[in-house]
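Peer 1: Take a look at the letters that make up each chain.
2 protein chains.
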Amino acid sequence: MDNKSPELYTCLSPALLHLYDISNSTVVIIDILRATSTITTTLNNGAKAIIPVDSVAECIRIGKQIAAITAGERDGQIAEGLQYGNSPFEYPREFISGKTLVLTTTNGTKLLHMALDKGAKEIIIGSFCNLDTVCDYLIKKGKPVLLACAAWKDKVNIEDTLFAGAVVQKVKEYFTVNCDASGLAETMYADARGDMLNFMKTKNASHYKRLTGYGLIKDIEFCLTPNTANILPVYTDGKLIKKTSFT
Amino acid sequence: MDNKSPELYTCLSPALLHLYDISNSTVVIIDILRATSTITTTLNNGAKAIIPVDSVAECIRIGKQIAAITAGERDGQIAEGLQYGNSPFEYPREFISGKTLVLTTTNGTKLLHMALDKGAKEIIIGSFCNLDTVCDYLIKKGKPVLLACAAWKDKVNIEDTLFAGAVVQKVKEYFTVNCDASGLAETMYADARGDMLNFMKTKNASHYKRLTGYGLIKDIEFCLTPNTANILPVYTDGKLIKKTSFT
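Top to bottom, those sequences are chains P and W. My numbering puts the first residue of the first sequence at 1, with every later residue one more than the last. My numbering puts the first residue of the second sequence at 1001, with every later residue one more than the last.
Don't read these hints as lab results, they were simulated from the structure. Please read all numbers here as calculations on a predicted model, not as lab measurements. Virtual Cβ for every residue (Gly too), placed ideally from N, Cα, C.
If you only want the chain W side, here are some residues facing chain P, beta carbon under 8 Å, derived:
#, residue
1, 1019
2, 1154
3, 1158
4, 1161
5, 1181
6, 1183
7, 1187
8, 1188
9, 1191
10, 1203
Start from the sequences, fold in the hints, and give me the full structure.
Peer 2: Here it is as structure tokens:
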């Protein structure tokens, strides 16, 4: 390990974000089930932009203002007043190409705005859908990284930690990793990677239970499948867009 | 798993403690390197009581008031004005038997006081030194449990998570575990248990580096050894004492 290589940290919950100086960091927002998986898939399917907002009311307001599609769920149902839900399957290319989506989610959006308020140098979106692209980008960029897990109402969750572990495993030789949470995530990923769906099931993961309770096991399977949409969503001027140049 | 069995949660950092209702719970304070290991060892060696305090100044004040031994470190050195450090090796039976120790530590003491302020039903001390006794007690008691990791300045650490994982692995069949952090801890422990010292070394654990930097690898080895002091320290009336009856 080269001591001059940039630092990489993993933050397992938004409630721990204040512990990290991110003013010079690329922050990877991780909300595997399902916000960041859906964002990545939707942009890969040709959406022009995604505007992440905190509340259903704001989603409705902005949706009207710019005549965009509104989306968001509460307790596994499309929220009242919105048009679509949080599933990546709702946004195929023939529907979403060229359109703008206003999306409200509970944990991922909150974390993104927290990272913004805390002065993150750059905010990108990570999911298994774009795992390799995220890793390649972080390595090429060569700047400090915070892998930021959205968790569930601030409680550490398995799926976001697994993705952080996957990134740590793939990029660690290019970074200085003085971070126990990264080691922990990497260990769990090494254990789970052969069958992540089954791992979540046997570990009684809270989100596994929540989504399968809503009949959404196909969503979970999709969100744990690596490299189905290798693009890089980046946050700029209030919107998430597909980064077209990596330089 | 019996749905009527009491709930068990793992809290990986004091900064996440507010997420858990502990008003009916036994809270296990975990600060493996080295506060809870030293507390357990010292009480097992016959100390009358240990008074945990937040600051060096308070440690000196109370030490004088009750003519007790004062102990605490800052940055790996005995803190100015105190008599002893945080190592379990400093408190053999021939020295500590019958005496009271006033102890200040950074992370463990803070967490203990937070749990107290939050109205914990009962506070006990967990370390690998008393692993089996802690597990037996939690099972016999049959009440809700929070495994509370002291972490390092609120950052999740490997050694406290390992201990939480060891407890989860041993007691889970008696509890309802709807908690991703517990699954994560258990997975890491399963991976590490064959050689926890080497696991900490290969994962570049921050505390491993800190303590070996101070020449304290023997302390780490000792603190990772299970069942060297199978007693149960319990917090009562401002003091930690050895619980003599388990009923």
